[in-house]
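These protein sequence lines map, in sequence, to chains A and B. For the first sequence, the numbering used here begins at 1 and goes up steadily by one. For the second sequence, the numbering used here begins at 1 and goes up steadily by one.
Honestly, I wouldn't trust all of these hints.
[What the hints assert, rightly or not] Using C-beta positions, here's what the derived DEER-type ranges look like:
(1) A:G96 - B:I54: 15 to 25 Å
(2) B:K70 - A:G41: 26 to 36 Å
(3) B:K57 - A:S3: 15 to 25 Å
(4) A:G53 - B:I12: 43 to 53 Å
(5) B:W27 - A:Q42: 13 to 23 Å
(6) B:E14 - A:G16: 42 to 52 Å
(7) A:G41 - B:E59: 22 to 32 Å
(8) B:S7 - A:R114: 32 to 42 Å
Hints listed in this document are in silico derivations from the structure and should not be mistaken for laboratory results. Only a predicted model underlies this, so the values are computations on that prediction, with no experimental measurement involved. In this text, a Cβ means the ideal position worked out from N, Cα and C, and glycines have one as well.
So you can see what is in the structure, the chains are spelled out below.
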Amino acid sequence: AQSVTQPDIHITVSEGASLELRCNYSYGATPYLFWYVQSPGQGLQLLLKYFSGDTLVQGIKGFEAEFKRSQSSFNLRKPSVHWSDAAEYFCAVVPGYSSASKIIFGSGTRLSIRP
Amino acid sequence: DAGITQSPRYKITETGRQVTLMCHQTWSHSYMFWYRQDLGHGLRLIYYSAAADITDKGEVSDGYVVSRSKTENFPLTLESATRSQTSVYFCASSLGDITDTQYFGPGTRLTVL
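Make the full structure from the sequences, and use the hints.
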């Protein structure tokens with residue numbers, strides 16, 4: 001079955017440390033890929049997205065993500081996290097562009113920051 | 001610039017009652033979406049709309065009804081609420097199509113007793 005997997009339910013990192021959040025998908029063709037962030041009590045906000053071209057994508061708030069076709073992955077990274085990055089992060093996929101395409105979200109990774 | 005708003009923000013209802021959650025956007029975005037968010041499931045698409053009078057089912061549409069008579073409004077109705085519909089509901093909109101950036105409302109927390 002087609003799916004989006006975020007293997008880590010909860011991650012804690014120290015402030016100033018680097019971060020990598022994992023996302024894997026199981027679709028045949030290259031999908032459209034997104035990372036969204038949800039701060040406590042808020043709706044979601046787009047961090048970045050990938051459609052084609054350069055496989056390293058830059059986003060807002062210092063985040064980047066790399067698309068690796070061979071691993072069916074789209075991992076989110078940040079070189080140095082700040083306390084304000086504590087939030088829930090969702091990977092999302094649109095399997096292919098057509099009138100019937102629908103967006104599918106992963107179950108999310110909650111990020112905590114250790115002072 | 002109000003953006004995208006949802007009302008009510010909190011709602012408690014009883015099993016079997018009809019409930020309508022409202023969503024309003026001021027950007028004239030073509031697409032609008034309804035999601036539910038449950039622990040361990042992330043966001044699941046309930047319904048979406050490509051334009052006024054055009055709607056389509058998502059992953060978990062059973063028990064829900066939508067309408068879109070005007071571009072800016074996209075109400076979600078639970079025809080006969082069940083406990084399993086206790087959730088946080090998010091509305092979103094996007095200017096273009098399903099691959100465009102979605103802008104989310106603040107959410108409605110619904111409890112069905």
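Structure-based check of each hint:
no.	hint	in the structure
1	A:G96 - B:I54: 15 to 25 Å	20 Å, holds
2	B:K70 - A:G41: 26 to 36 Å	29 Å, holds
3	B:K57 - A:S3: 15 to 25 Å	19 Å, holds
4	A:G53 - B:I12: 43 to 53 Å	48 Å, holds
5	B:W27 - A:Q42: 13 to 23 Å	18 Å, holds
6	B:E14 - A:G16: 42 to 52 Å	50 Å, holds
7	A:G41 - B:E59: 22 to 32 Å	24 Å, holds
8	B:S7 - A:R114: 32 to 42 Å	38 Å, holds
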